[in-house]
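Asker: Generate coordinates for the entire structure from the input sequences, incorporating the hints supplied.
Just so we're aligned: 93 in my numbering is position 93 of the sequence shown, and the numbers increase by one with no gaps anywhere.
Treat the hints as calculated values from the structure; they're not laboratory data.
By construction, the Cβ of each residue, glycine as well, lies at the ideal position given by its N, Cα and C atoms.
Check each hint, because a few of them may be wrong.
As the list claims (entries may be wrong) - Just the calculated beta-carbon pair ranges, DEER-fashion:
| # | residue 1 | residue 2 | range |
| --- | --- | --- | --- |
| 1 | R26 | D168 | 16 to 26 Å |
| 2 | R172 | P116 | 29 to 39 Å |
| 3 | A175 | D100 | 17 to 27 Å |
| 4 | R41 | R112 | 16 to 26 Å |
| 5 | Q71 | S154 | 43 to 53 Å |
| 6 | S117 | G193 | 32 to 42 Å |
| 7 | G193 | D7 | 22 to 32 Å |
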Amino acid sequence: MGPPTSDIGVLFDIDDTLVDFAGAARSALLEVAASFALAARGAAGAPPGAVAAHRAGAAHRADGVGRPSRQEVGEQVLSCWEVVSEREYGRFLAGELSFDDMRLARMTELLREMDPSGVLGLDPAELELLRNESIFTHYRPYDDVPPALERFRSAGVTVGVVSNSDGDHQRRKMAAAGLDHLMAAAVFSGDLGVSKPDPAIFVAGAAALGLPVDHVVYVGDRWATDAVGALRAGLSAVWLNRLELPRPAGAADDLGSVPGSADRLAELTGLEPLDAEFARRLVTR
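Answerer: Right, here's the structure in full:
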């Protein structure tokens, strides 16, 4: 990236903001689910419905076999993973677990939920290796991201990322998505020891861009963690609402209206209206 010609910078969240993390995670978890289904078919002495039988209930197939289908197992894995991942990732962000320990704990809990009797004989470490290797093959930027980033770069706007995760993991992810070369700075909670929405991580991001906080816009997909957190740190904030969620009722009313339209981002950065798809995803005020 060449020297900036603007005194405004933009910091981005990564997962589900720049990179389609949800899509990649789903694809990788379905490969894990396939391992469960295969093990259930081949495990000696495995009772009917050994894979998540206690969760499947009436979802068992009505063909007399009693085992959930591969699709049903996939749905069970995705549902269970959402719960255990949220819990264990929260422990990582709180400093209770290292990143690698969190990953193993997450898969161990998933295996315990899906195969409580342990009859399938699956190894959580091997399953996590499978999931992690798979997910990196699925990381892609959203289609609207490369043109938007190129637009910022061509205008001389300094661009970086601030993310709640392990630094090495996120750098590898950005490289896999082909976005690493577009970033002038990167700040990660795993390196800094503090996580969003703590103001300190946003301040560190602005400092990494070489700009004061009031010259930096933060763009992220989570209302409280990203938009409100950035505002409390003194940055401008834009909520990139890819899931088209409603603004939480009564959230951060003391902060006033969070700027979030494409016009507002263009105003803050001095750019003309951005890529139409990218702009459509920016929540209006």
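Asker: Give a verdict on every hint.
Answerer: Here is how each hint holds up against the structure:
1. Checked against the hint of 16 to 26 Å, the C-beta distance between R26 and D168 comes to roughly 23 Å, which is consistent with it.
2. Taking 29 to 39 Å as the suggested C-beta distance range, the pair R172 and P116 conforms, at roughly 34 Å.
3. Separated by about 19 Å at the C-beta atoms, A175 and D100 satisfy the suggested range of 17 to 27 Å.
4. In this structure the hint that R41 and R112 lie 16 to 26 Å apart at CB holds, the actual value being about 21 Å.
5. Distance hint check for Q71 and S154: the Cβ-Cβ separation is about 45 Å, which falls inside the suggested range of 43 to 53 Å.
6. Checked against the hint of 32 to 42 Å, the pair S117 and G193 passes, with Cβ atoms roughly 40 Å apart.
7. Hint check: G193 to D7, Cβ distance near 29 Å, so the stated range 22 to 32 Å holds.
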